Amino acid sequence: MFGYVKPYTPRLEMWEYEIYNSAYCGLCKCLGDRYGFIARCLLSYDLAFLTLLHSAVNQKEIDVCRQHCMIHPIKKKNCCKPCRAVKDCSDFLVLLTYHKLKDDLQDEHGFLRQFAVRFLLIFFKKYYAKASKAFPECSKKISEAMKMQREFEKTGGSFDQLSEPTAKIMQAVFEECSDDPKTKMSLRQMGHFMGRYVYLCDAIADYEQDIKKGRYNPLVSFKNNKKEIIKLGNMYINAVSVAYLKLEKNDYSHIIDNFVYAGLKNTLDKLINKSNKNRKRG
Amino acid sequence: MDNNFNLGQMYTEIRQNILNGQIDTAQTMLNEMNPPQRTAEWYFLSGSCAYNKGFMNDAYNYYNTAYSLEPQNPEYRQAKTNMEYARGGGMAGGYSSSDYRRPATDTDKACNCCSNLICADCLCECFGGDLIPCC
Numbered sequence: 001m002f003g004y005v006k007p008y009t010p011r012l013e014m015w016e017y018e019i020y021n022s023a024y025c026g027l028c029k030c031l032g033d034r035y036g037f038i039a040r041c042l043l044s045y046d047l048a049f050l051t052l053l054h055s056a057v058n059q060k061e062i063d064v065c066r067q068h069c070m071i072h073p074i075k076k077k078n079c080c081k082p083c084r085a086v087k088d089c090s091d092f093l094v095l096l097t098y099h100k101l102k103d104d105l106q107d108e109h110g111f112l113r114q115f116a117v118r119f120l121l122i123f124f125k126k127y128y129a130k131a132s133k134a135f136p137e138c139s140k141k142i143s144e145a146m147k148m149q150r151e152f153e154k155t156g157g158s159f160d161q162l163s164e165p166t167a168k169i170m171q172a173v174f175e176e177c178s179d180d181p182k183t184k185m186s187l188r189q190m191g192h193f194m195g196r197y198v199y200l201c202d203a204i205a206d207y208e209q210d211i212k213k214g215r216y217n218p219l220v221s222f223k224n225n226k227k228e229i230i231k232l233g234n235m236y237i238n239a240v241s242v243a244y245l246k247l248e249k250n251d252y253s254h255i256i257d258n259f260v261y262a263g264l265k266n267t268l269d270k271l272i273n274k275s276n277k278n279r280k281r282g
Numbered sequence: 283m284d285n286n287f288n289l290g291q292m293y294t295e296i297r298q299n300i301l302n303g304q305i306d307t308a309q310t311m312l313n314e315m316n317p318p319q320r321t322a323e324w325y326f327l328s329g330s331c332a333y334n335k336g337f338m339n340d341a342y343n344y345y346n347t348a349y350s351l352e353p354q355n356p357e358y359r360q361a362k363t364n365m366e367y368a369r370g371g372g373m374a375g376g377y378s379s380s381d382y383r384r385p386a387t388d389t390d391k392a393c394n395c396c397s398n399l400i401c402a403d404c405l406c407e408c409f410g411g412d413l414i415p416c417c
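Residue numbers (this note's numbering), protein chains in the order written: chain E, 1 to 282; chain P, 283 to 417.
Since the hints were made in silico from the structure, they are not lab data.
Treat the hints with care, as some may be off.
Stated by the list, open to error - Quick list of in silico lysine-lysine cross-link-like pairs, DSS-like style, CA-CA up to 27 Å:
#: 1; chain 1: E; residue 1: K102; chain 2: E; residue 2: K81
#: 2; chain 1: E; residue 1: K60; chain 2: E; residue 2: K212
#: 3; chain 1: E; residue 1: K231; chain 2: P; residue 2: K362
#: 4; chain 1: E; residue 1: K147; chain 2: P; residue 2: K362
#: 5; chain 1: E; residue 1: K212; chain 2: E; residue 2: K133
#: 6; chain 1: E; residue 1: K133; chain 2: E; residue 2: K100
#: 7; chain 1: E; residue 1: K126; chain 2: E; residue 2: K213
#: 8; chain 1: P; residue 1: K335; chain 2: E; residue 2: K141
#: 9; chain 1: E; residue 1: K246; chain 2: E; residue 2: K223
#: 10; chain 1: E; residue 1: K226; chain 2: E; residue 2: K154
#: 11; chain 1: E; residue 1: K126; chain 2: E; residue 2: K223
#: 12; chain 1: P; residue 1: K335; chain 2: E; residue 2: K125
#: 13; chain 1: P; residue 1: K335; chain 2: P; residue 2: K362
#: 14; chain 1: E; residue 1: K81; chain 2: E; residue 2: K147
#: 15; chain 1: E; residue 1: K277; chain 2: E; residue 2: K147
#: 16; chain 1: E; residue 1: K125; chain 2: P; residue 2: K362
#: 17; chain 1: E; residue 1: K6; chain 2: E; residue 2: K77
#: 18; chain 1: E; residue 1: K154; chain 2: E; residue 2: K81
#: 19; chain 1: P; residue 1: K335; chain 2: E; residue 2: K223
#: 20; chain 1: E; residue 1: K125; chain 2: E; residue 2: K147
#: 21; chain 1: E; residue 1: K100; chain 2: P; residue 2: K362
#: 22; chain 1: E; residue 1: K87; chain 2: P; residue 2: K362
#: 23; chain 1: P; residue 1: K335; chain 2: E; residue 2: K182
#: 24; chain 1: E; residue 1: K184; chain 2: P; residue 2: K335
#: 25; chain 1: E; residue 1: K130; chain 2: P; residue 2: K335
#: 26; chain 1: E; residue 1: K125; chain 2: E; residue 2: K29
#: 27; chain 1: P; residue 1: K335; chain 2: E; residue 2: K246
#: 28; chain 1: E; residue 1: K140; chain 2: P; residue 2: K362
#: 29; chain 1: P; residue 1: K362; chain 2: E; residue 2: K154
#: 30; chain 1: E; residue 1: K130; chain 2: E; residue 2: K184
#: 31; chain 1: E; residue 1: K274; chain 2: E; residue 2: K227
#: 32; chain 1: E; residue 1: K130; chain 2: E; residue 2: K87
#: 33; chain 1: P; residue 1: K335; chain 2: E; residue 2: K212
#: 34; chain 1: E; residue 1: K249; chain 2: E; residue 2: K227
#: 35; chain 1: E; residue 1: K125; chain 2: E; residue 2: K60
#: 36; chain 1: E; residue 1: K6; chain 2: P; residue 2: K335
#: 37; chain 1: P; residue 1: K335; chain 2: E; residue 2: K249
#: 38; chain 1: E; residue 1: K213; chain 2: P; residue 2: K335
#: 39; chain 1: P; residue 1: K335; chain 2: E; residue 2: K227
#: 40; chain 1: E; residue 1: K75; chain 2: E; residue 2: K87
None of the values given here were measured: they were computed from a predicted structure.
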């Protein structure tokens, strides 16, 4: 879930953009307060999406205040006050980042990257303990899925099978956003397909590099058939929208609509076009 | 005859399992059936199982097979159409990503409608007729 769930900004209204940004700033502040400076550096926009979804399904509105921060020392920025949505999402970020780092450690990377990952892990071990205390079940599900992923990477399989662990991870995170059993059910479904979508995006982004370096990529079975890949992505996005439609939401649904109906597709198209260009140049 | 009856009963049971969300049970029951027993219904139900587990590509292939075996069945046709709609970029609720908050183009604007009418009137008058008698 790292940088693939984004809005399509040209069709975002100003108030929506402000709310989205204030959720992002609030999340950053909350990470600083709850965990520390290092955690703030690894903030991603995806969790701002989850913060909005969290507030939307719990029928809560974000309280906005104007604050300074390190990156914006002169001009005050809109920033949402600490609330449950922000707090929960900061915990999710720590859980997800910790597992991502651990996964990076196992992959083959350059010496510098390995060093950076090891350095970050020193801090994140402590953060992780705190976050998994807040969400023990979610954390357990994520570590099980990570184990599953490592096994699948060895054995291989169809794309549907390979994207299962990521789907499980997102499912576990999304369902924690609500306490209502019916909402939980739809959130789980939405997270599931969001996970598959994210996995697909990740595979497209890494495709060129993986092929060049002789590493395994889950999209090899598609034999570079871009049309089929887009169609698969479309099916996932459609399934996300089906689950999303079942949720009861407040006014923030206008913002989330943008992610679901335009943002996901836009990101997918961009990734495909980018890999097309790279191939022509090479 | 007896055999067919059993098969029908089994499919009903599997369908019930899928509706109740017991996908794994339904899947095992489907897998236990011998290849000669696999009718269009088998492919359709397998497709439903795959869809519920999120295996979209498999679901699409199963639905397609079910439809090709029995094209006249409305349920199979609907499932196939829905999948095609999704693959083409359609979303639930009738949206598609291209028309989400699409800025109004020239042809959408109300004033454009009037100018089109005037243009049509001019053309009619050229040919000796009249579309809008007052102008």
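Okay, the hints, checked on the actual structure:
For the proposed pair K102/E and K81/E, the alpha carbon gap of about 31 Å is over 27 Å, so the pair is violated. For a cut-off of 27 Å, the pair hint linking K60/E to K212/E is broken: about 48 Å separates their Cα positions. Our distance criterion of 27 Å between C-alpha atoms is met by K231/E and K362/P, whose separation comes to about 14 Å. Pair hint K147/E plus K362/P does not hold up; C-alpha atoms about 35 Å apart against a cutoff of 27 Å.
This hinted pair does not check out: K212/E and K133/E have alpha carbons roughly 41 Å apart, beyond 27 Å. Annotation: proposed proximity of K133/E to K100/E holds, straight-line Cα distance about 19 Å (limit 27 Å). Only pairs whose Cα atoms come within 27 Å are accepted, and K126/E paired with K213/E is rejected, the gap being roughly 34 Å. With a C-alpha separation of about 17 Å, the suggested pairing of K335/P with K141/E holds against the 27 Å cut-off.
For the hint linking K246/E to K223/E, the alpha-carbon distance of about 36 Å lies beyond 27 Å, and the restraint is violated. Taking the CA atoms of K226/E and K154/E, the gap is about 25 Å. The hint holds against a cut of 27 Å. A hinted pair counts as satisfied when its Cα atoms are at most 27 Å apart, and K126/E with K223/E does not qualify at roughly 43 Å. Using a Cα cut-off of 27 Å, the hinted pair K335/P and K125/E is violated, with the two alpha carbons roughly 33 Å apart.
Using a Cα cut-off of 27 Å, the hinted pair K335/P and K362/P holds, with the two alpha carbons roughly 17 Å apart. With a C-alpha separation of about 36 Å, the suggested pair K81/E and K147/E falls outside the 27 Å cut-off, and the hint is violated. Taken as a hint, the K277/E and K147/E pair is broken in the structure, with Cα atoms around 35 Å apart against an allowance of 27 Å. Taking the CA atoms of K125/E and K362/P, the gap is near 48 Å; set against the 27 Å cutoff, the hint is violated.
Annotation: proposed proximity of K6/E to K77/E holds, straight-line Cα distance about 20 Å (limit 27 Å). Between the alpha carbons of K154/E and K81/E the distance comes to roughly 45 Å, so the proposed pair goes past 27 Å and is violated. Restraint check for K335/P and K223/E: the C-alpha separation of about 25 Å stays at or below 27 Å, so the hint holds. Taking the CA atoms of K125/E and K147/E, the gap is about 18 Å. The hint holds against a cut of 27 Å.
Distance restraint check for K100/E and K362/P: the Cα-Cα separation of roughly 37 Å exceeds the 27 Å cut-off, and the hinted pair is therefore not satisfied. For the proposed pair K87/E and K362/P, the alpha carbon gap of about 43 Å is over 27 Å, so the pair is violated. For the hint linking K335/P to K182/E, the alpha-carbon distance of about 18 Å falls within 27 Å, and the restraint holds. A C-alpha spacing of about 17 Å is found between K184/E and K335/P, which places the hinted pair at or below 27 Å, so the restraint holds.
Restraint check for K130/E and K335/P: the C-alpha separation of about 32 Å exceeds 27 Å, so the hint is violated. With a C-alpha separation of about 20 Å, the suggested pair K125/E and K29/E falls inside the 27 Å cut-off, and the hint holds. Distance hint between K335/P and K246/E is fulfilled; the C-alpha atoms sit about 18 Å from each other, no more than 27 Å. Of the supplied pair hints, the one linking K140/E and K362/P is violated, its CA atoms being roughly 37 Å apart against a limit of 27 Å.
For the given pair, K362/P sits about 34 Å from K154/E by alpha-carbon distance, which is inconsistent with the 27 Å threshold. Proximity of K130/E to K184/E is assessed by CA-CA distance (about 24 Å); at most 27 Å being required, the pair is judged to hold. Distance restraint check for K274/E and K227/E: the Cα-Cα separation of roughly 14 Å lies within the 27 Å cut-off, and the hinted pair is therefore satisfied. Distance restraint check for K130/E and K87/E: the Cα-Cα separation of roughly 12 Å lies within the 27 Å cut-off, and the hinted pair is therefore satisfied.
Proposed proximity of K335/P and K212/E is contradicted: the alpha carbons are some 33 Å apart, above 27 Å. Annotation: proposed proximity of K249/E to K227/E is violated, straight-line Cα distance about 34 Å (limit 27 Å). Under the criterion of a C-alpha separation no larger than 27 Å, the hint pairing K125/E with K60/E is inconsistent with the structure, at around 32 Å. At roughly 25 Å between alpha-carbon atoms, K6/E and K335/P fall within 27 Å of each other, so this suggested pair holds.
Restraint check for K335/P and K249/E: satisfied, since their Cα atoms lie roughly 25 Å apart, inside the 27 Å limit. Proximity of K213/E to K335/P is assessed by CA-CA distance (about 33 Å); at most 27 Å being required, the pair is judged violated. As the CA atoms of K335/P and K227/E are separated by approximately 23 Å, the hinted pair is consistent with the 27 Å bound. Proximity of K75/E to K87/E is assessed by CA-CA distance (about 25 Å); at most 27 Å being required, the pair is judged to hold.
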